[in-house]
Amino acid sequence: MQKEYKTITEISGPLVFAEVDEPVGYNEIVEIETPDGQIRRGQVLETTSDHVAIQVFEGTGGIDRKSSVRFLGETMKMKLTEDLLGRVLDGSGQPIDGGPEIEPDKREDIVGEAINPYSREYPAEFIQTGVSAIDGMNTLVRGQKLPIFSSSGQPHNDLALQIARQATVPEEEKEGGESEFAVIFGAMGITAEEANEFMDDFERTGALERSVVFMNLADDPATERTLTPRLALTTAEYLAFEKGYHVLTILTDMTNYCEALREIGAAREEVPGRRGYPGYMYTDLAQLYERAGRIKGQDGSITQIPILTMPSDDITHPIPDLTGYITEGQIIIDPDLNSQGIKPPINVLPSLSRLMDDGIGEGLTRADHADVSDQLYAAYAEGEDLRDLVNIVGREALSERDNKYLDFADRFEAEFVQQGFTTDRDIEETLEIGWDLLSMLPKEELNRIDEDLIEEHYREDESVEVEA
Amino acid sequence: MSQGQTSDVREDGVIESVSGPVVTADLDARMNDVVYVGSEGLMGEVIEIEGDVTTIQVYEETSGVSSGEPVETTGQPLTVDLGPGMLDSIYDGVQRPLQVLEEKMNSAFLDRGVDAPGIDLDELWEFTPEVAEGDTVEPGDIVGTVPETRTIDHKVMVPPDYEGGEVVEAESGNFTVDETVVELDNGEEITMHQEWPVRQQRPASEKQTPTEPLVSGQRILDGLFPIAKGGTAAIPGPFGSGKTVTQHQLAKWADADIVVYVGCGERGNEMTEVIEDFPDLEDPTTGNPLMDRTTLIANTSNMPVAARESSVYTGITIAEYFRDMGYNVALMADSTSRWAEAMREISSRLEEMPGEEGYPAYLAARLAEFYERAGYFENVNGTEGSVSVIGAVSPPGGDFSEPVTQNTLRIVKTFWALDADLAERRHFPAINWTESYSLYRDQLDPWFEENVESDWSEQRQWAIDTLDEEAELQEIVQLVGKDALPEDQQLTLEVARYLREAWLQQNAFHDVDTYCSPEKTYRILGAIKTFNDEAFDALDAGVPVEEITDIESLPRLNRIGVQEDYNEFVDELEEDIASELREMY
Ligand SMILES: Nc1ncnc2c1ncn2[C@@H]1O[C@H](COP(=O)(O)OP(=O)(O)O)[C@@H](O)[C@H]1O
Ligand SMILES: [Mg+2]
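Residue numbers (the numbering used here), protein chains in the order written: chain R, 1 to 468; chain P, 469 to 1053.
Everything labelled a hint here was simulated from the structure, so no lab data went into it. It should be emphasised that the depicted structure is a prediction, and the values quoted were computed from it without experimental measurement. Cβ coordinates follow ideal geometry from the N, Cα and C atoms, glycine included. Please note that a few of the clues may not be correct.
[To be verified] Derived DSBU-like pairs: lysine-lysine, alpha-carbon spacing no greater than 30 Å straight-line: (1) R:Lys-174 - R:Lys-6; (2) P:Lys-997 - P:Lys-675; (3) R:Lys-3 - R:Lys-79; (4) P:Lys-572 - R:Lys-79; (5) P:Lys-950 - R:Lys-296; (6) P:Lys-572 - P:Lys-675; (7) P:Lys-675 - R:Lys-106; (8) R:Lys-243 - R:Lys-174; (9) R:Lys-174 - R:Lys-296; (10) R:Lys-77 - R:Lys-343; (11) R:Lys-443 - P:Lys-572; (12) R:Lys-66 - R:Lys-106; (13) P:Lys-572 - R:Lys-77; (14) P:Lys-572 - R:Lys-243; (15) R:Lys-296 - R:Lys-243; (16) R:Lys-77 - R:Lys-174; (17) R:Lys-77 - R:Lys-6; (18) P:Lys-997 - R:Lys-443.
[Said to hold, decoys possible] Residues on chain R that point at chain P, a partial pick, calculated with CB under 7 Å: (19) Val-111; (20) Gly-276; (21) Asp-321; (22) Pro-350; (23) Phe-421.
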C-alpha cells in the first residue's frame, strides 16, 4: 500500500511541490488526486529527504493543497505488445480509438537506456523514398535520424506522408523480402486538422494496420508532450529490437516539444540557456534522437523522421540548431520554392544526409550516384549564386558559361526537385533526370565525375540544344 | 527501483537529494574522490563540499535513486588504468571498456551500476626487460617492452610516483599486468599497470618548441595551415560543416604514432563508423590496421552528461602516458563544446554564479588547463614525445563570437574555421582560407623545405596571394560581372578557381584523394603555378584570355588529386599546358 500525502506546499505552472517523510526516487511516477476525484499523473524532478518537486503531465489546473499525492515506487513505463500495431493512443499512451485495453506483453521504462556505441551497426541500407531531392542528393538509410526542418504553413506533412507511403528498400524487394515499414507516429501539439490529415491518409492507404499512433494535440496539456516521444520511441525499440520490425518513426512537431521543456525549465526557475531554452536541451533531445539506429545481430531498425517548424524560419534558432547538431543531416523545406509551386519544396543546398556515402554506389544504388550528386550540388550552387548577379547586371553581361549555369539551376528546380507529392520515382529515374540536366553543361565542367562515368552517361546532343 | 534492495555498497554516508546527475549526500569525503552512489553503486565524483553537504556528479543515469540510500567513498580520485591493452579499445568517458560492458550486461543497451577495469587484468603479455640486475632506475625510466599491437611496442615504465633504485630482479616472460616484472632494492615492485588521476598532468622534464609538422595528408592543412607535433588546433563550425570528417581524417592519416579519439557528447554512429572502418584501413606509415595505434573514447550525446565532462581528461591522460614512452600522440576531441556544456549543466545544478551565456566563470581556465597538456616534451626518462590536441568546437548557430570558441581561440595556435557556405556548395574540406590561420607556419617551414622542396614557402605564398586577390576581385565581380574586368584579372580569377577546385578541395571519401602526401600537395600546387606562369606569358604575348582558359589540357588539373601515380601525370600535364599555350603565339 502506497502512502498518501496531503502535503502540497506550492503549485507553480506545471510543477507541484510537496513535503515527504519517506525516501522518494528521482523520476518516480506520482499520482495526484484532486478533491473531486480526478487523477493526474506526474514525475519527480527533484527529490530530497523532506520534499519533492513534481512535474505534472496532465496540467495542474484543479489541483489544490488538499489534493493527495501518491508515489508509485517506479519510473514511467510503457505497456508493450505487438497488438499495439493498428492502435491510436493519446499523448500519454492511453487508447483513444475505442478499442480494447492494452494487454501488455511487457512494460518498459520510457526513458530508455543508451545504445552501447560498440553494439551499434553502421546504417547503410538505402531507403528509396521515391523523392528525387532525397534519394538522389540526401539519401536516407535504414536506421538514420533525418529530420525535416520546415516552418509554419509549409507542406512538411505532405512530404512526411509521401515518405511514409513510398519508402521501400529495393535491395530487399529484389530478394522477395518484406520491406514495408511499421510506422510509429508521435504527434505533439499539432492541430486537429493536421492530425486528421495524417489519420485520413493512414486509413486510406491501409497504413494504419502497421502503425501505432500517439496523439497529443494542440489543446492537450503541454507537459504531456515530454512523454509522447518517449512512449513512441519505447514502442519503436520494442518492435524493432524485440520483434524484428523495421520501424519508421515520425515525430511532429519537435518545436512544440521544446516549448514544453522551456515551460518546465522556467517554472523551476532554472538558469536558462540560449533564448530561454534549458541549458540541458541538447542532452534531452539527444536522448530522443539517438534512439534511432541499428544494432549488431538484430534484424529490426529504427529510422527517425522528426519534423520541426523553425521559429521565424531561422535555422540558427536553438531548436533546429541543437537538432542539426544531433541528427544525421536535415531536409530543408524552403518557403520560396513552395511559393513557386515546387512540390516538394526541398532546398537541397542546406540539406544534408550524413549517412549517404555508405548507403549508395555500386551494388547499393548505382556506381555514378555519388559523383552525380556532388556535381548536381556544385552546379546548382553556382547557378544559385549567379541569380543574384543577374539581378544587378542582367543576363547579357554574363558569359556563355554563366548563362548555362543559370539555365541549369532553373531546370534543376523544375525537373529534378519538382515531382509532386504523389509521384514515386525509383533511383534509376532520379539519376537519369540528373544526367539529363548535367548534360546541359560542357563535359569539361563535370570535374566531380569520374571520366569513365561521363563517357557512359553523358548525353552528347543535350549541350548543343540549350545553347539557343 | 533501488529501494529496499540489498546492496553491497558500504554506507559511508547517505543521499540527501537527487536532481538529474547531481546528488547531495551527508558524507565525509575529499574533493574529487570517486564515490559509489545508491544501492546500485552508481559511479560518481565529489565536486563540491560545503558545510556537511557533499555534492557528487554521477556518471550514470539516476532515475529511481532516492534520499536515504547509501554512498560509499573510495578515498581515491578519478583515475585511469594505464598499461598494455588500451590500444584497439573503446571506452566510455570514465574508461569503462564498452566491449566488456556489452558482454557483462549481455545487452546492446547500457545498463547501470556495472564497472570494469580499463585494461584486461587476466590477459598475459610478453614482457622483455630492458634493464638488468644492478642497473639503477629512476621514476619514469623504461624497464622493458611489450608488443602491444603489431604497430606499437608498449614501454613499461617506473611509475612517476615511485622512488626508484637498483634493480634486483627483472624477468622476461608472459605476465598479467598486475604481476611484478621488475623489483627494486627498496622493495618497490614494478608491474605493467599504472594508475593515474585524470585531472592531474603527468610530469615531464621540459616543454620544447615544436619544429616538426603533424602531417595530416590534407592539402589545405599541410599546405596552408599546418599544425605541429605537440601543437594545438581548434576546428569550429556549425553543424554539417565538416568538423567530424576533418577529425576522422586526422585520426586516419596524421603521421602520429598513437591516436586518441574522444567522441565527447556526439553521435553514436560516428563512433561505430570508426570501430567498423579503422580495422580495415591501413596506417600509411606501417601498413598495419589503423586500429593498432588507436584508442577510442566514446561518451555519446545520450550517455550520462557527467561522464562527458570527464571523457576529455581520460583521453588526455592516456595520451600523456604514451607520450612518456617517447611517442608522438595526437588527440582529437569532438566536440569540446559538449564538454563545456556538461560543465555548464553541472554548474547550474550547483547553482553557481553563471558567467557568460550561463557557462561557469572557470570555463576559460579549464580550457586553458586542458590545452596546456599538449606540447612537445622532453620526458622525465629523457625520451622525447608529444601530445597534439585538436578540438572541434560547435558554436550555437555557427556564431564564433560565443564563449567556447572565443576562449579556445585565445589558447590554440591553429585555427581551422569551417564555413557553412562552402559546405553548402560541397566545397570540402569547408575550411575558410581567409579566416583560418596557423601560428606554427614559420617554425615548420624549415622542415617542409628540407623534407619536401626548398621553395615550399615561396610557392605557398604565391597561392595565398592569388587567393587574396581573388577575394578582392570577387567583390567587384558581384557588382559588375566578370566580363567587365581587365583580362589579366580575369585570368587571375581562373587560376584561383583551380586553386580552389584542384588544390584546396579534397574528397575524404575518394580512395586516393582522401590522403595526399606533402610531396603531392606540393606538386598539385606546382602544376597550377605552371599554368599561371605560362598563361600570363601567353596573355602578354596577346593571346585572348578566353582562348587561354579554353585549352584542352587544363581540366586535367582537377584530376591530379585522384591519381595514385601523380608524378608522371603532373609531368605530362605541365608539358601539355606549356606546349598548348606556346603554340598560340
Ligand atoms: N573532406 C570532406 N570530403 C567530403 N565530404 C565531406 C568532407 N567534409 C565534410 N563532408 C560532408 O559534410 C558532411 C558533414 O560533415 P561533418 O564532419 O559530419 O560535419 P560536422 O561534424 O561539422 O557537423 C559529411 O557527412 C560529408 O557529407
Ligand atoms: Mg560532427
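Do the hints match the structure? See the list:
Taking the CA atoms of R:Lys-174 and R:Lys-6, the gap is about 64 Å. The hint is violated against a cut of 30 Å. With a C-alpha separation of about 39 Å, the suggested pair P:Lys-997 and P:Lys-675 falls outside the 30 Å cut-off, and the hint is violated. As the CA atoms of R:Lys-3 and R:Lys-79 are separated by approximately 25 Å, the hinted pair is consistent with the 30 Å bound. Annotation: proposed proximity of P:Lys-572 to R:Lys-79 holds, straight-line Cα distance about 27 Å (limit 30 Å).
For the hint pairing P:Lys-950 with R:Lys-296, the CA-to-CA distance comes to about 55 Å; that exceeds 30 Å, so the pair is violated. Of the pairs offered as hints, the one joining P:Lys-572 and P:Lys-675 is violated, with about 42 Å between alpha carbons and a cut-off of 30 Å exceeded. Between the alpha carbons of P:Lys-675 and R:Lys-106 the distance comes to roughly 59 Å, so the proposed pair goes past 30 Å and is violated. Note on R:Lys-243 and R:Lys-174: the hinted pairing holds, with a Cα-Cα distance of about 23 Å set against a maximum of 30 Å.
Between R:Lys-174 and R:Lys-296 the alpha-carbon distance is near 23 Å, which keeps this suggested pair within the 30 Å criterion. Taking the CA atoms of R:Lys-77 and R:Lys-343, the gap is near 41 Å; set against the 30 Å cutoff, the hint is violated. At roughly 58 Å between alpha-carbon atoms, R:Lys-443 and P:Lys-572 are farther apart than 30 Å, so this suggested pair is violated. At roughly 35 Å between alpha-carbon atoms, R:Lys-66 and R:Lys-106 are farther apart than 30 Å, so this suggested pair is violated.
Of the pairs offered as hints, the one joining P:Lys-572 and R:Lys-77 holds, with about 25 Å between alpha carbons and a cut-off of 30 Å not exceeded. For a cut-off of 30 Å, the pair hint linking P:Lys-572 to R:Lys-243 stands: about 23 Å separates their Cα positions. Between R:Lys-296 and R:Lys-243 the CA atoms are separated by roughly 15 Å; this keeps the pair inside 30 Å, and the hint holds. Between R:Lys-77 and R:Lys-174 the CA atoms are separated by roughly 39 Å; this puts the pair beyond 30 Å, and the hint is violated.
Pair hint R:Lys-77 plus R:Lys-6 holds up; C-alpha atoms about 25 Å apart against a cutoff of 30 Å. For a cut-off of 30 Å, the pair hint linking P:Lys-997 to R:Lys-443 stands: about 24 Å separates their Cα positions. The interface hint given for R:Val-111 holds, since its Cβ lies 6 Å from the closest Cβ of chain P, which is under the 7 Å cut-off. At a threshold of 7 Å, the smallest CB-CB gap from R:Gly-276 to chain P is about 11 Å, leaving the interface hint violated.
At a threshold of 7 Å, the smallest CB-CB gap from R:Asp-321 to chain P is about 5 Å, leaving the interface hint in force. Proximity of R:Pro-350 to chain P holds as hinted, the smallest CB-CB distance being about 6 Å (cut-off 7 Å). Here the hint on R:Phe-421 is broken, as its CB sits about 25 Å from the closest CB of chain P, past 7 Å.
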